[in-house]
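Guided by the hints, dock chain B onto chain A, whose structure is given.
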Amino acid sequence: MTALGAGIAMLAGLGVGIGIGIATGKAAESIGRQPEAFGRIFPLFLLGAALAEAVAIYSLVVAFMLISKI
Amino acid sequence: MKNKMGEGVLKVLFTIPIGKGIPVRVAVVEMWGVMAFLIILAFYLTSNMKLVPSKKQVIAEFIVDSINKITKNFLGHYWHIFAPYLGTLFLFLLGLNLLGLIGLQPPTSNLNVTASFGVMSILVLIISTIVLKNPIRWFLSHFKPILIIFPFKFLDYFTRTLSLSARLFGNILAGVTIMELVYHGLIKAHIPPVGIPAALSLYFDIFDGILQAVIFAFLSLIYLYEALEE
Chain A
1 MTALGAGIAM
11 LAGLGVGIGI
21 GIATGKAAES
31 IGRQPEAFGR
41 IFPLFLLGAA
51 LAEAVAIYSL
61 VVAFMLISKI
Chain B
1 MKNKMGEGVL
11 KVLFTIPIGK
21 GIPVRVAVVE
31 MWGVMAFLII
41 LAFYLTSNMK
51 LVPSKKQVIA
61 EFIVDSINKI
71 TKNFLGHYWH
81 IFAPYLGTLF
91 LFLLGLNLLG
101 LIGLQPPTSN
111 LNVTASFGVM
121 SILVLIISTI
131 VLKNPIRWFL
141 SHFKPILIIF
151 PFKFLDYFTR
161 TLSLSARLFG
171 NILAGVTIME
181 LVYHGLIKAH
191 IPPVGIPAAL
201 SLYFDIFDGI
211 LQAVIFAFLS
221 LIYLYEALEE
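Respectively, the protein sequence lines represent chains A and B. Residues 1 to 70 (my numbering) are what the first sequence spells out, left to right. Residues 1 to 230 (my numbering) are what the second sequence spells out, left to right.
So that you can see chain A by itself, here it is in the shape it has in the complex:
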């Protein structure tokens, strides 16, 4: 049953994937409009993607904790 719980915990990846996909689309579109702005948009995009990905990593930590029975 803990394996089932760990699998359900990883459903958080759904929202994270959608969020990072939308952010990348907006970043690519804005760079396409104004190619000189690449240096200012890229750090912001990386920061946003890492912050969103952290939520998926929290769910991974929960899955690890369930499997290792802490």
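For the record, the hints were derived by calculation from the structure and aren't laboratory data. Here a beta-carbon is modelled for each residue, glycine too, at the ideal position from N, C-alpha and C. Keep in mind that a hint or two might mislead.
[As the list claims (entries may be wrong)] Taking beta-carbon pairs under 8 Å as the criterion, some of the chain A residues facing chain B (in silico):
id: 1; residue: A23
id: 2; residue: L47
id: 3; residue: A50
id: 4; residue: Y58
id: 5; residue: F64
id: 6; residue: L66
id: 7; residue: S68
id: 8; residue: I70
Below, chain B without anything else, positioned relative to chain A:
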């Protein structure tokens, strides 16, 4: 799969015979190794400094200049206080995360180590805000827009500590686990583990390690800017 929460780095290597004996674990020895490497590298790169820089001095100047420029860009006034702390934090975390390339398990794959880094960053934030800005005004700023916002701002410190530590811990542990699974899977299937682990390690060990070190230092910088802005 024995290394589930990264306890492999918590094995006791030897015991310092002071008092009741202080256990020295693998993670501490790995951190000593990275510290020694960084200190020797710093002394070597800055020996024999001349006005017209030699090649190794250019490397040192490039590193220090980039860190100073980024801190000045994002932090503004107090950059000369925090640039050394943020630079050291970034270089130390970079060295620790990339230990996976040598064959050791990175110490940041354990929640105790990353929690200490997270607590350190938040303590720097709190103490520097109290010292550099008026302590009374800092305490009253927690009630600022509406009185009811105080519990949220109070919880904010703990949330930021937890998120900083858990982000670094989870990313590095996931990389270590996947690399271990790939190695053991290839060995069990009687395929020599050459080539495929190297290609995977390019993303999981190198890219993820560098990105997480950058994100940790950059987020500490953003929190400092948010608290110290005029």
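Violating hint indices (sorted, rising): Of the numbered hints, 1, 6 do not hold.
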